[in-house]
Amino acid sequence: MWGAARLTEVAIEARGLEKWFGPFPAVRGLDFTVLSGQFITIFGPNGAGKSTLLRMLAGAVRPTGGEVVVVGEKIGAGEHAWRRRIGVLSHQTFLYGHLTAEENLHFYGKLYGVSQRGERVREMLERVGLWGRRSDRVNGFSRGMQQRLALARTLLHDPEVVLLDEPYTGLDPHAATMLRGVLEQLRDGERTVVMVTHNLSQGLELADRVVVQAAGRWISDEDRSEIEVGEFEKVYTDRVGGAI
Amino acid sequence: MTFVRQVLTVASKDLVLELRSRERLVSMLTFALLIAVVFSFALDPTVRSRDIAGAMIWITIFFAGMLGLGRSFGLEREQDTLTGVLLAPIDRGAFYLGKVTANLVLLLIVDIVLVPVYGLFFQIDLWGQIGGLAVVVGLASAGFVALGTLFSAMAAHSRLGESLLPILLLPLLIPVVFFSARSTQLLITGRPISDVAGSIRVLLAFDLIFLIVCTMVFESVVEE
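So the sequences go chain by chain: B and Z.
Read left to right, the first sequence gives residues 1 to 244 (my numbering).
Read left to right, the second sequence gives residues 1001 to 1224 (my numbering).
Simulated from the structure, these hints should not be mistaken for laboratory data.
If you're wondering where the values come from, they're calculated on a predicted model, not measured in any experiment.
Glycine is no exception: its CB is placed at the ideal position from the N, C-alpha and C atoms.
Don't take each hint at face value.
[To be verified] Restraint-style ranges between C-beta atoms, simulated for each label pair: (1) B/E160 - Z/I1112: 28 to 36 Å; (2) Z/G1198 - B/A81: 42 to 50 Å; (3) Z/V1037 - B/H91: 41 to 49 Å; (4) Z/V1037 - B/A81: 48 to 56 Å; (5) Z/P1116 - B/H91: 44 to 52 Å; (6) B/F21 - Z/V1004: 36 to 44 Å; (7) Z/I1109 - B/R15: 48 to 56 Å; (8) Z/E1023 - B/D221: 41 to 49 Å; (9) Z/I1109 - B/D221: 52 to 60 Å; (10) Z/F1063 - B/E184: 54 to 62 Å; (11) Z/V1037 - B/F24: 48 to 56 Å; (12) B/S142 - Z/L1208: 44 to 52 Å.
[Claimed, not checked] Just so you have them, the derived chain B footprint on chain Z, three or more residues with Cβ under 8 Å: (13) 1003-1009; (14) 1060-1073; (15) 1078-1085.
[As the list claims (entries may be wrong)] Among the chain B residues that face chain Z by a calculated CB cut under 7 Å, a handful are: (16) R84; (17) L95; (18) Y96.
Could you build all of it, start to finish, from the sequences and the hints given here?
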């Protein structure tokens, strides 16, 4: 339930959010709020506009219409200080293949102005199990290792809002368990998490709010406690099938 | 982090990447040296090479430079690191100037290798004019890189990619080509630096205009 005391402040507010790519709508007039500390999972079929929504929330893509406010600051307005409050894990890792794991994190640490950077980099590399590979170049890493390092990059500056786009992509079972542990820590650490995924079981595991998006619209938005895991797949398929 | 430190962070990252991959510098140097060799064979022996060496040097430098600039943002497309950087609270102008700094270092290395090679091939004594040539080469390279870095970012966002770069860049580079080739020509024919002071001032003015305008518009170029 969202009844915890921490879930009172608004972390993300979207008003009339729209994105069109030429004549094609990706996101259509979304209005929603995400409370601080909430873990929200967004499901949806391919082309539903989930990744576009996440990119707009991150400030990576300008909305065609509407606006986003993250932790009280309007995205895209004036200075870029609000970017320090957001962490993004995308399909792409945002990592430089010719830099080592440690150099990548130091580079991003400098951009985000992370204090005591050396200690923080070590902490994050240990957290994702890559401290032993810190001096190896990223282009020698497996996809799963790169994804773990990308997670470390995402959380390096301790963002208040974490946006995850298919975070389990390329992870082996061990790494997926590690990621689950990190996500649990985020939830328990009162971070606001928005996760986009196709994987119903992984998406439902940690969420306390579940949204289904299709054709750029939210077709359902429910408290996790109202969802029966066993029936959700059928309900999801019916809803998505009816919306597209 | 201060603006200057942001610039240096981006520049040093690009230079470390280049040091490890050697993608750009090797192709720029190889291309520039090959062009110099081709010119040395293609020229009519009755033509006084020092009369046209200035133009040849700058044509070679700018085309070799375009090879390197094309990859400047191309390397940010792998794993979409450009988006990764733009998601950070970095001043977009600092990001642009960091790229310019790294690109300028690479182009100056090409200049330092190429200009003496032309001196050797065309039997021109450059030592007597080394100070003046260094000023002209530095200013012209800075102007080229300032404009080229912006257009490299535009080309990286385009479906045409790196092939768009020369189409965008060359027309606007004509003044820089003209004044750099002209002043280089005068210097290698033995004229004193005071004779090219006007051209140097024009090159400096172009550098400042390009740097200021490109820094201001860079954000609108890279933001989706």
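Run through the hints listed earlier and report the numbers of any the structure violates, in increasing order.
1, 14
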